[in-house]
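Given chain B's structure and the hints, the job is docking chain Y onto it.
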Amino acid sequence: DGGITQSPKYLFRKEGQNVTLSCEQNLNHDAMYWYRQDPGQGLRLIYYSQIVNDFQKGDIAEGYSVSREKKESFPLTVTSAQKNPTAFYLCASSSTGGRLETQYFGPGTRLLVL
Amino acid sequence: RKEVEQDPGPFNVPEGATVAFNCTYSNSASQSFFWYRQDCRKEPKLLMSVYSSGNEDGRFTAQLNRASQYISLLIRDSKLSDSATYLCVVSSYNTDKLIFGTGTRLQVFP
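First to last, the sequence lines map onto chains B and Y.
If you're matching positions, the first sequence starts at 1 in this note's numbering and goes up one per residue.
If you're matching positions, the second sequence starts at 115 in this note's numbering and goes up one per residue.
There may be inaccurate statements among the hints.
For the chain Y half of the interface with chain B, some residues (derived, Cβ under 7 Å), not all of them [unchecked claim]:
1. Glu-157
2. Leu-160
3. Phe-214
4. Thr-216
Non-contacting residues of chain B with respect to chain Y, defined by C-beta distances greater than 10 Å in every case (computed) [to be verified]:
5. Val-19
6. Val-52
7. Thr-102
8. Val-113
9. Leu-114
Quick caveat, the hints were computed from the structure, so don't treat them as lab data.
C-beta: ideal position from N, C-alpha, C; glycine also.
In isolation and in its complexed conformation, chain B is listed as follows (with noise of 0.2 Å):
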């Protein structure tokens, strides 16, 4: 079965703490991306990568990071930095990142602050 997997599907953070947020995909898909979606937005570009070991920032990355070390992987990372963190993550990809690519989603985890 192809598709994007993202876990967990909760996830429950600390003040002060770093939390990573899983995204795979078996797609073969070369470009991937993270949105941030909360009540009555759309969703925002927090970052995105079209190829392996490369990334770039999105609309809102700040207190975010990620890494893209594998094709299939694209790990989010939510610092201590970033102050209001509770929302819903999705994670996507498209198979060339360009502008005319659909983008296909993964299920999603909802982080929420303790």
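What follows is chain Y alone, placed relative to chain B:
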């Protein structure tokens, strides 16, 4: 002005009704347009791409009006299972990023 604007709704319609949503975008250089569907607490899923000539997929019809900078989605013979939030998505004019609208919520009732 937001780059992509949608009426948040909700649109409450009976089964069998026809309903239409519009979405406006701010930049005339946008090249790609999509409608995604998002169920409550789930990920967005592609419903259909929107082509310049308009396109249809079963009960769903998408139209693009470049002159007025809007796209539309028409749903005929609404089903209870059509209840969801419909996201309008437009490509950024100068990067490979997609811009997501906040969504229009549809509730179909028996």
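Hints, verified against the model:
1. Glu-157: Constraint on Y:Glu-157 satisfied, holds at 4 Å.
2. Leu-160: Result: holds, 6 Å to nearest chain B Cβ.
3. Phe-214: Holds, about 4 Å.
4. Thr-216: Status holds, d = 5 Å.
5. Val-19: For B:Val-19, whose nearest Cβ neighbour in chain Y is about 20 Å away, the distance exceeds 10 Å, so it holds.
6. Val-52: For B:Val-52, whose nearest Cβ neighbour in chain Y is about 17 Å away, the distance exceeds 10 Å, so it holds.
7. Thr-102: Answer for B:Thr-102: violated, closest chain Y Cβ roughly 6 Å.
8. Val-113: The claim stands: B:Val-113 keeps its Cβ more than 10 Å from every Cβ of chain Y (closest is about 18 Å).
9. Leu-114: holds, 20 Å
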